[in-house]
Each structure stands twice: as structure tokens, then as C-alpha cells.
Amino acid sequence: MIIFHNITWKNFLSTGNTPISINLKEAPTTLIIGTNGSGKSTLLDALCFVLFNKPFRIIKKDQMVNTINNADTIVEVQFSIGPTMYKVRRGIKPNLFEIYKDGVMLNQDASSVDYQKVLEQQIMKLNYRSFCQVVILGSSSYEPFMKMRASYRRDVIEEILDIKVFGHMNLILRSKQIELGKEVTTLRHQVDLVESKVDLQEKHLNELSSRDTDQITKKKADIEKAHEHKRDYMFRIESLNKEIADNEEKLFNKTATKDKFTKLQKLEAKIDQNLKTHKKQLKFFEENTNCPTCTQQIQEDFRQGKINEEHQSIHKLEDGYKQLLSEISNTEEKILKFDDIGNRIRSIETNVAKLNTSIDEIKRHSDRIQNEIDQLSVEDAGGLNIKEEIARLKKELVEAKELRDNVIEEKSYIDVLRQIVDDSGAKGQIIKKYLPIMNTLINQYLQSMDFFVSFHLDEEFKETVKSRHMDSFNYNNFSEGEKMRIDLSLLFTWRSIAKMKNSVNTNLLILDEIFDSSLDGQGTDDFFKIIATLSKENIYIISHKGDIMFDKFTNIIKFEKYQNFTRISDV
Numbered sequence: 320m321i322i323f324h325n326i327t328w329k330n331f332l333s334t335g336n337t338p339i340s341i342n343l344k345e346a347p348t349t350l351i352i353g354t355n356g357s358g359k360s361t362l363l364d365a366l367c368f369v370l371f372n373k374p375f376r377i378i379k380k381d382q383m384v385n386t387i388n389n390a391d392t393i394v395e396v397q398f399s400i401g402p403t404m405y406k407v408r409r410g411i412k413p414n415l416f417e418i419y420k421d422g423v424m425l426n427q428d429a430s431s432v433d434y435q436k437v438l439e440q441q442i443m444k445l446n447y448r449s450f451c452q453v454v455i456l457g458s459s460s461y462e463p464f465m466k467m468r469a470s471y472r473r474d475v476i477e478e479i480l481d482i483k484v485f486g487h488m489n490l491i492l493r494s495k496q497i498e499l500g501k502e503v504t505t506l507r508h509q510v511d512l513v514e515s516k517v518d519l520q521e522k523h524l525n526e527l528s529s530r531d532t533d534q535i536t537k538k539k540a541d542i543e544k545a546h547e548h549k550r551d552y553m554f555r556i557e558s559l560n561k562e563i564a565d566n567e568e569k570l571f572n573k574t575a576t577k578d579k580f581t582k583l584q585k586l587e588a589k590i591d592q593n594l595k596t597h598k599k600q601l602k603f604f605e606e607n608t609n610c611p612t613c614t615q616q617i618q619e620d621f622r623q624g625k626i627n628e629e630h631q632s633i634h635k636l637e638d639g640y641k642q643l644l645s646e647i648s649n650t651e652e653k654i655l656k657f658d659d660i661g662n663r664i665r666s667i668e669t670n671v672a673k674l675n676t677s678i679d680e681i682k683r684h685s686d687r688i689q690n691e692i693d694q695l696s697v698e699d700a701g702g703l704n705i706k707e708e709i710a711r712l713k714k715e716l717v718e719a720k721e722l723r724d725n726v727i728e729e730k731s732y733i734d735v736l737r738q739i740v741d742d743s744g745a746k747g748q749i750i751k752k753y754l755p756i757m758n759t760l761i762n763q764y765l766q767s768m769d770f771f772v773s774f775h776l777d778e779e780f781k782e783t784v785k786s787r788h789m790d791s792f793n794y795n796n797f798s799e800g801e802k803m804r805i806d807l808s809l810l811f812t813w814r815s816i817a818k819m820k821n822s823v824n825t826n827l828l829i830l831d832e833i834f835d836s837s838l839d840g841q842g843t844d845d846f847f848k849i850i851a852t853l854s855k856e857n858i859y860i861i862s863h864k865g866d867i868m869f870d871k872f873t874n875i876i877k878f879e880k881y882q883n884f885t886r887i888s889d890v
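Mapping to the working numbering: the sequence shown position 109 is 428, numbers consecutive.
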């Protein structure tokens, strides 16, 4: 279990040169309050940045540096795993990344990417996506489990169940399987080649018993036939090389197309975010005639103007979004075609290599026959040398077959192991074992928040939701408040499963403005009932409406802006 002790940051976002420190173990429940823009959500970005080198919200790295001081950004967090205490320090301007174990800094010989892998894979055993699913639930830049792709959902579950090792094993075994497959092909070719040599030598030995001019003539014919094969192979090689060149020309725009695909994906995310922003603005002006902050009435012509303006913006963005999706699909098809061409080139190159091997063997074979012809012309007792060569080749053949059989046997073991560690093997069985527990916990938490539906995740992590009347729904059918209840139930379920497995288990839970939007009063009360059942955990709730919930918390932290810098003030 990861126990977070404290976090400190300075010159980070709106925080200046005076550090802000928070004791993460100080109280079971802590309310963080402050006005809009006071920096109360900075804790989320600081924690994600120091651990994963990326903020929780969508902020560029250079935007995390305080714009006034513009230097010396430092974030430091301390946590323990068992008896071992760790400290991670990360900074910008200058760049800094240090990991300390019991006060001693870990070796930094590796690159920063490898150093980050040490932190995520060896120390915390936790990646960014799983951290956000188990530790943080926010209203900004948060991707709920139910909105993730199926592959991302599986990644989160595997991290929580601590079975990612099967995936790593599968990759290693797959690499070994491919390597052994190539080796088996090579060894089979080698056995065939030696068998061919034995056959040729035995045939030659039989011919020596009745050696005469006709024998020499026949061998010359064999050489000519071999030369014909060689010419045929060379012609085929020339044709294949031309085909390779033609296919390589088709790959001319491969890099540019992939770059374009990446840019289109980024543009898709940007347009999607803009759509959400405009829809939120539209919803505000459609549902409000008075300003919720100053309570003054919004002029109707201004309100209608904003509504029309937002409708137009949304319409334009949605049209552009459809065109963008079409372009993404077309670009993706091009990339798939490039991949097919690449596979075709590799296949052709393999055929060329085989043909070259055959040509080399034909040359050696032709040279050997020519030597035999020469020997037939001047010797009368060449059979003894051929018998010795046959004996040597047969011994070589036995060794080659033994080596081939050993490699085939080893590959069969690897094939079985891959079936065991594959998604349908041991990993699938573990997931299948825990799915009923997950579904039970999810439904228990939903009922605790007065949301009486039957929620079920299948082995592909697709949801089925049924009402009391057995009507089927999915996640998107529900209101934002009901979705929030589902998200909270999943969050608490993942934490419960993590405790069972002692995998992605921490003392920290941070909830950002979940009471300020979707949850109603009853939902809030039900949520605090669940919070009351959590023991040995430190829960932080960020809200700008926290004054109505003071009595529900054991600790309160207030952020405020003072001379353009964020600081913690007295409550």
C-alpha cells in the first residue's frame, strides 16, 4: 500500500516562491475551499506532475511554471511503501527529476524515460491512468471509466488486479515464439539441404560403378540443368527486386501520412473539447435568466443572442467534426495500406533471400559435379572419398534433425505458455473470478446512494444496466447526477478491490468539485455515508461551495490569492 505523507510545491501555476506544503495524512477528511481561480485544484496538478510528469488538467508543461517568477518550479512528494520511505522531486527551469529511497538518491545513469519507468513500474507499480481511476475524481480533464475505450478499461482492471505481469510475459513469450519459429524454418531448410546432399552423393556413388563417357555426358547435362535453374532463379530475383522497388515507391508518403494522422487525432480532441465548452455555455444561458453569482437578471436580448451564437458555434463545430472524422478514417485506411505494403515487401525480401540461398547451393552443386567429372576423367577409385563424404553428411543430418526436433519441442512449450498467459488464459480466469465481486460492490455502492439499478460489467468490461422493471440502459442514458453516482461507485469499487489484492492501494482519495455540479443534496448525504465507512484513508474534497459542509470535515484548508500569488489562509 502506498501511504502519501506530504506534498510541497513552489513557483507552480499561481503559487509563487513561497512554498505551499500539505500534510496528506493530517486528517481523515479535509475540505479544500477557495474562490474561483484561487488555486485550490493545484493539488491535483502538483501530485500528477511530480509522480507522472504530466498535470491532471490539460496544461502544457511550460504553462505550469509560474508566469511571474518564470523559473525554479519545484514539486516534492513523500510517500512510503511498507517500511520504505520515498521522496520524489521534479522541477522545471531547470529540469529536475530525483527519486530518494530512505534518504539516498537512486542511480540516475538511465535516461529520464527509464527513470520514470523505475518509479511507475518498480516502485509504485501504478501508471497515470490507473492512478486517476483510483485516487482522483475530478470535474476537469477526468476521463470516467465508463467513457474509456475497452482496451483502456482492461488496462485499468489489470493494474488494479496486479496482473499486468501476464501481459509483459506474453510480450516476452511472443518475441521468443517468433524467434523460435524463424529458427525452426531455418533448421528445416538445413535438414532438407543435407538430405539433398546425401541423396546426391549416394546417387553419385551408384553412378561410379558404371562410369563411362555416358556418365560424364549425363553429369554435364545435370550442370546445364542446374544452370537453367540458376538463370530461372536470377530472373525471378530480378522480377522480385523490381516489385520491391515498386512497393517502396508506394511508401513515399508513409511518414507524412502518419504525422497527419497524429495531428488529426489531436485536432479531434481539441474540437471535442470546444464542443463541450460551447454546449456548457449554451446550457447555462438556456437554463438561467439570472446570474448565479451576482443574482442580477440577464438581459433577455443578450441571453437570446448568446444562445443563438452558441447554437451557430456548435453547428459549425459539429459539421467540422464530421468532416474531421471522415478524414481520420481515410488517413487510417492509408496507414493500413502502408502496413500491408510493408508486409508485402518483407515477404518478397524473404523470397529473394531463399532464392539467393538456392543459387549459392546450385553453384556449389555445379562446382562439385564439375570436380566429379574431372575426377572421373583421371581417377578410377574415387568411390572411397564419396563414401566418406556420405558418412560425414549422414552424421551431420542426424545432428541437424536432433537440433530441429529440440527447437520444435521448445517452441511447442512456448506456444502452450502463451495460451496460459494470454487474455483467455490465466489472466482471463483471474478477471472472471473477480468480476462477480466487482459487480456486487458496484451495486452495493449504488444502492448506498439511493440509485436502485442492476449494474453489470461483462468480461469485455461492457456495461448492462437494468431498472427495477428490467428495462435495459447504458451509461449514456442517465443524467449527469446518475452518471456521477456510477462513477463514484466504480471509484470506491476499484479501491476496495485494490485493498483485496494489495495492488493499486493508497491512503489518498481526492475529489474535485463533485458536489458543485452533478450531485444533489440527497446524493451528497449518501456519499458522506460511504465516506464514513472508509477507515485509514485520507480524503480531500475540493469545493467552492464548501461553507455548507464545514461540519462534515475534520480539517479545512482555504486557498486565496494574495498579491497575485496563491497561499493558504486561515479559515
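Treat each hint with caution, since some may be false.
Computed list of lysine-lysine pairs in DSBU-like fashion (alpha-carbon distance at most 35 angstroms, straight line) [unchecked claim]:
no.: 1; residue 1: Lys436; residue 2: Lys561
no.: 2; residue 1: Lys380; residue 2: Lys561
no.: 3; residue 1: Lys495; residue 2: Lys635
no.: 4; residue 1: Lys602; residue 2: Lys436
no.: 5; residue 1: Lys495; residue 2: Lys730
no.: 6; residue 1: Lys585; residue 2: Lys635
What the hints contain is simulated information worked out from the structure, not anything from laboratory work.
We went through each hint and held it up to the structure:
Between lysine 436 and lysine 561, the direct Cα distance comes to roughly 44 angstroms. Violation of the 35 angstroms bound is thereby established for this hinted pair. Straight-line distance between C-alpha atoms of lysine 380 and lysine 561 comes to about 48 angstroms, which puts the hinted pair past the 35 angstroms bound. Note on lysine 495 and lysine 635: the hinted pairing is violated, with a Cα-Cα distance of about 52 angstroms set against a maximum of 35 angstroms. Proposed proximity of lysine 602 and lysine 436 is contradicted: the alpha carbons are some 43 angstroms apart, above 35 angstroms.
Under the criterion of a C-alpha separation no larger than 35 angstroms, the hint pairing lysine 495 with lysine 730 is consistent with the structure, at around 8 angstroms. Restraint check: the Cα-Cα separation between lysine 585 and lysine 635 comes to about 18 angstroms, which is no more than 35 angstroms; the hinted pair holds.
Hint violations for this structure: numbers 1, 2, 3 and 4, all remaining hints satisfied.
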